[in-house]
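Peer 1: Residue-level listing of the chains:
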Amino acid sequence: MALDKAAVVRIAKLARIKVAEAELEPLARELDGILGWVAQLNELDTSDLPPMTSVVAARLPRRPDTVNDGGYPERILANAPRTEGGFFAVPKVVE
Amino acid sequence: MIEGASGPWEVVIGLEIHAQVISRAKLFSGASTAFGAQPNTQVSFVDAAMPGMLPVINEACVAQAVRTGLGLRAAINLRSVFDRKNYFYPDLPAGYQISQYGQPIVSRGEVVIDLAGGVARRVGITRLHLEQDAGKSLHDQHPELSYVDLNRAGVALMEIVSEPDLRSAEEAGAYVRKLRTILRYLGTCDGNMQEGSLRVDANVSLRRLGAPFGTRCEIKNVNSIRFLQQAIDYEAGRQRDVLEGGGRVVQETLLFDPGEGVTRSMRSKEEAHDYRYFPDPDLLPLELDPQWVEDIRRGLPELPDEKKARFVADYGLSAYDAGVLVAERETADFFEAVARGRDAKLVANWVTGDLFGALNKAGRDIATSPVNTARLGQLIDRIADQTISGRIAKEVFEAMVETGADADAIIIERGLRQITDAGAIEDAIAAVLAANHDKVQEYRAGKDKLFGFFVGQVMKATQGKANPKLVNEMLRGALSG
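Residue numbers (our numbering), protein chains in the order written: chain A, 1 to 95; chain B, 1 to 481.
Hints may be right or wrong, so weigh each one.
Said to hold, decoys possible - Pairs of lysine-lysine residues, derived as BS3-like cross-links and limited to a Cα-Cα distance of at most 30 Å, are as follows:
(1) B:Lys85 with A:Lys13
(2) B:Lys394 with B:Lys449
(3) A:Lys92 with B:Lys394
Everything labelled a hint here was simulated from the structure, so no lab data went into it.
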């Protein structure tokens, strides 16, 4: 198995997802299965092909440097569990 | 190089600079970038990472990055790619920063830094890429809470990475100053370190001369050149002590504490970062039209190195004076406005001497100078046409700063016009010689040094207004007679 339990622990930590000990082994098996299935793509020779970053043949759209958004702090803060004086208020994070 | 008990160590420094792009709107949204607004009033749903919102790139920010790349004599990559850099922090609503990883918009440039003794050195630029700034967290407003303001979230930054080409705190300081000068000339970043428009991370390591690079530590987010230099000196000393004590330098992220003058480990960063970069599926690759880049190149202003070379060649200034004058574009423009049609060296002396002194004293910059270009020009014209002597000119200048009047008004009002009338000077000389009979004898007996004394007396008798050249000539004649 390419993807072991330790890798799942690490991925879960980076993604801030709490995974119970009992779930680690089955999750590792599942993820490894998915990766193995996708890995079939490696059988194709793509050495002469540029990476495809999009399925649409379009140019990246641009916007002009114009201020035409913002100015609605109450809507920005509407979903916040807690606010103070126009700020989001979150559990303290300190260096 | 720093000395150690076991011999000298070479200090190796590379800098990463985050420069806030000058633009009206953010990199991927139409919210304003203005500094100092009420919290969360300059935030769009894109910046707040509301589900379903899509980023659309601000073309002016792309132009600023290209302009900066050209100013750094770098390669402009006509195709670059935006990636997501994934990490969690309360002031990063999306859980990722849109940045450029494998294919930045600019690579391989250089900055020439000016060191003591007129030495110039090239510092390589590895790359410049565009990315979003994060929001701002305030940790000192509440005992249990941090406050988050997203006004800055999504503002365009240029991350400018240098090669590990710097060898001392002084060189690092010179590099930041020069880069800041270039950015200001280009108008792509205001360079204001207090407001956080320019932030510096320093990578520092030690090695024996000629040996491979040692393990580096990264000092994060230094916000002044003085602190940067202190942090580098402290960190180099710390690493030397570790190495000479038989230990190994551990790669870590540090914060500089300006109060204590020490660097400290950022524990939160000890967990090795794994940003899991991948191309942002919301953004197509950024492709630039070569003609568009060429148009930007043609619109570049004269840059500090070129301006300095021109000041030396065209005005005959010393490299040092030229360097001082071009450090700020406004100063260089001021100098040129005054120097046109005048003695440029004299103008340079006035600008870097008396004018800078007066600005320092008043705590002003050249844009709000109490003496404008026309008035300084008039003062220098009065020296050139011998209305006043250089010495009196200093007095006139001080009065100009104090009163706001122009040179001619002050010269007339205070009766400072130079005495060029030979008769008047002759009278003054005769009076001085008559009053100092004994000294005249001594001088004639061979005590040449007394000449200065006689000059001083004649100048005093004329309230400093006598033409010094005439005084010298006539005094020499009178004393030898």
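Peer 1: Look at each hint and say if it fits the structure.
Peer 2: Hints, verified against the model:
1. B:Lys85 with A:Lys13: Holds. Lysine 85 of chain B to lysine 13 of chain A sits at ~16 Å (cutoff 30 Å).
2. B:Lys394 with B:Lys449: 27 Å, holds
3. A:Lys92 with B:Lys394: 59 Å, violated
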